[in-house]
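Undergrad: These protein sequence lines map, in sequence, to chains S and V. Just so we're aligned, residue 13 is where the first sequence starts under the working numbering, counting upward by one. Just so we're aligned, residue 409 is where the second sequence starts under the working numbering, counting upward by one.
It is possible that part of the hints are untrue.
Said to hold, decoys possible - Reference excerpt, derived from the structure (chain V facing chain S, CB under 7 Å, subset only): (1) D530; (2) Q534; (3) H541; (4) L543; (5) S549; (6) V572; (7) S578; (8) L579; (9) G622; (10) S623; (11) F629; (12) L640.
Calculated directly from the structure, the hints in this document are not laboratory data. Built from N, CA and C at the ideal position, the CB exists for glycine as well.
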Amino acid sequence: MSNSIFVIAEHLKGKIEDVTYEMLGKARELGGEVVAVLLGSGAKGLAGNFNADKVLYVDSPALADFNPEAYGKVIASLVKSHGPKMVLVGYTSQGVDIAAGLSVDCDMPLLAYANAISAGSVTSQLYGGKMNVESKLEGERFIAAVIPGAFPAEPGKGSGAPVEDVAAPDLSGLKVLFKRLIEPAGGDVDITQASVLVSVGRGIQSADNLPIVQALADKLGGALSSSRPIVDAKWLPKTRQVGKSGLKVKPKVYIAVGISGAPEHIEGMKGADCIIAINTDPKAPIFSYAHYGVTADLFDVVPALVEKL
Amino acid sequence: MNIIVPIKQVPDLVEELQVDASGKDLDREWLKYKVSEFDDHALEEALLLKEQHGGSVTAIALDGEDIDKALFAASAKGADRVIKVTGDFKGASNHTAAKALANVIKGMPYDLVLTGVQSVEDRDGQIAVLLAHYLGTPHISVVTGVEVAGGKVTVHKEYGGGVVAEFEASLPMVLGIQAARETPRYVPVSRVRQAMRDANLEEVAGDGSGVSAGSSISRMFKPETGGGAEMLSGSAQEIAGKLAAIIKSKM
Ligand SMILES: Cc1cc2nc3c(=O)[nH]c(=O)nc-3n(C[C@H](O)[C@H](O)[C@H](O)COP(=O)(O)OP(=O)(O)OC[C@H]3O[C@@H](n4cnc5c(N)ncnc54)[C@H](O)[C@@H]3O)c2cc1C
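Use the sequences and the hints to build the structure in full.
TA: Here it is, written out as structure tokens:
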């Protein structure tokens, strides 16, 4: 085992994702040699502002875009040959396809949904953000799948580090092939530009009730956004979804109506200047992130609010 | 097309969660359980694929809280076979659970394994990808679209901002389903009851030994709620008045 901490760098459309810097910063704090692992094709330059001691860079046309199979193989072979004590992977769409496979292939324990990490223990945010679970590691080595936004990004930025080119293992005969990226359809309201967002969740119960919250958005000259289940049910278009797999928003005022505050939702809105939550459940995790909270039925409070404004 | 759908029961988060006397687990005595919502999406997608292409859907679950009911509900929705893997899986890690599922599934013919992208209890990683690695098949997770044609599968994997990556892969493979193309179907209790009488719940002895999470829970605790939030109280009218003032001052 070496004393190094691997940070698996994540990029999409030629841009490093913030979670990479967040993990690099955390790795620095934990101590030991910080090694960023970057895979891509002609993507070496992306490591230019990493705060790391070393960058391992693997270049191959097969790695140009994320591919669960190819990335999994390459990262497992690097972990096997270098034996880092810790591996930090984002709990992101890409990271979900990397972390568990690495755990099996390299026989290293994995802790998911990590929001706090120290030498022998990791805290996972479980039950939709309603419980924190601290785990004790049996050995020293482990992998943590880190929730985006759990740590600050700034400490992970620096002036780059020496890049070591590593030859890609044999990537012929892949069973999974990347075809293309599909951008979401445009033409709808841009919720990332709205200064007031009224955001609706499953508490609204039915599409028929949407006018109640739309009225509030209209009154405030804002836009209506939502949690994911509202979009999955096709009550609102994808362009209105806030969160991990939706959009990141930073309005002046964010009013969460009947949204529980699952970590995947929080990822998208915790940067708002003023967060107001209306929820019948006093224990809803959204209240941990809100500046103002109301434990009440949205069907009582929202119409009353529209009238007062 | 043979599709296997591992499902599991998880605590219903609508209930208030409490930590038990050990300080390391939920107080499960009064907990209500429900099928993990993403497993429900996986089952729906599997049923839609079967309706399109023929074949069979098998729902499989490790023994656990209310699991018979969950499997009978899957049967009522249209699963052709429902299998309960018996054994002591109480408190089992996801590594152990995935290994036990893999041991049963590897003896069955399958083209696709569809299961939920995650559950609220995945302390040591998500089942879909663990399972794929124990089975030695490729995987894609966070899937929002599956199309099968000519022995190949086209898969949509979702990133942030609604951006989707399209992959083409050969079968068999394991997919972690984020969302089915339709809202998961609902079956009335009467049909579930009927399935309880008519469906054949198969039982297979299972074993997930030989692997471990490599960690154990040392403490479970509630995050501080309302730590930073100023809670407003009063009648709906009073609250609305306070909110209106706050909102106006922040805009
Ligand atoms: C990979 C991945 C990506 C994801 N990406 C996203 C994402 O981008 N965005 C996102 O939002 N989710 C995302 N999710 C889903 C996320 O895990 C949660 O399932 C989702 O955020 C829950 O939405 P909700 O809060 O509307 O519903 P619920 O969790 O069901 O909460 C509904 C809330 O409404 C309250 N309520 C009920 N009735 C009333 C009433 N009358 N008045 C007031 N309150 C009421 C309840 O107390 C409850 O708190 C993702 C999940 C995965 C696995």
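Undergrad: Taking 7 Å as the limit, does the beta-carbon of L543(V) come near enough to a beta-carbon in chain S?
TA: L543(V) check fails; min Cβ-Cβ to chain S is 10 Å, beyond 7 Å.
Undergrad: Does the CB of G622(V) sit less than 7 Å away from some CB of chain S?
TA: Holds, because the Cβ-Cβ distance from G622(V) to chain S comes to roughly 3 Å (cut-off 7 Å).
Undergrad: Under 7 Å is the threshold here; is the Cβ of S549(V) close enough to any Cβ of chain S for the hint to stand?
TA: Nearest chain S Cβ about 5 Å off; hint holds.
Undergrad: Identify whether the interface hint at L579(V) stands, where standing means a beta carbon of chain S within less than 7 Å of its own.
TA: Cβ of L579(V) sits 9 Å from chain S, so the hint is violated.
Undergrad: Verify the interface restraint on Q534(V): the C-beta must sit less than 7 Å from at least one C-beta of chain S.
TA: holds, 6 Å
Undergrad: With 7 Å as the cut and Cβ atoms as the points, is F629(V) at the interface with chain S?
TA: holds, 5 Å
Undergrad: Would you settle whether the hint for L640(V) is holds or violated, based on the nearest Cβ-Cβ distance to chain S being less than 7 Å?
TA: Since chain S brings a Cβ to about 5 Å from L640(V), closer than 7 Å, the hint holds.
Undergrad: Against chain S, is S623(V) within 7 Å by beta-carbon distance?
TA: OK, holds: S623(V) within 7 Å of chain S, min 4 Å.
Undergrad: With 7 Å as the cut and Cβ atoms as the points, is H541(V) at the interface with chain S?
TA: holds, 4 Å
Undergrad: For the restraint on V572(V), tell me whether the closest CB of chain S is nearer than 7 Å.
TA: Check passed: Cβ of V572(V) comes within 4 Å of chain S, closer than 7 Å.
Undergrad: Given S578(V) was flagged as interface, is its beta-carbon under 7 Å from a beta-carbon of chain S?
TA: The hint holds - S578(V) has a Cβ within 7 Å of chain S, the shortest such distance being about 5 Å.
Undergrad: Under 7 Å, Cβ to Cβ, is where D530(V) needs to be relative to chain S, so tell me if that hint holds or is violated.
TA: holds, 5 Å
Taken one by one, the earlier hints fail for this structure at numbers 4 and 8, listed in ascending order.
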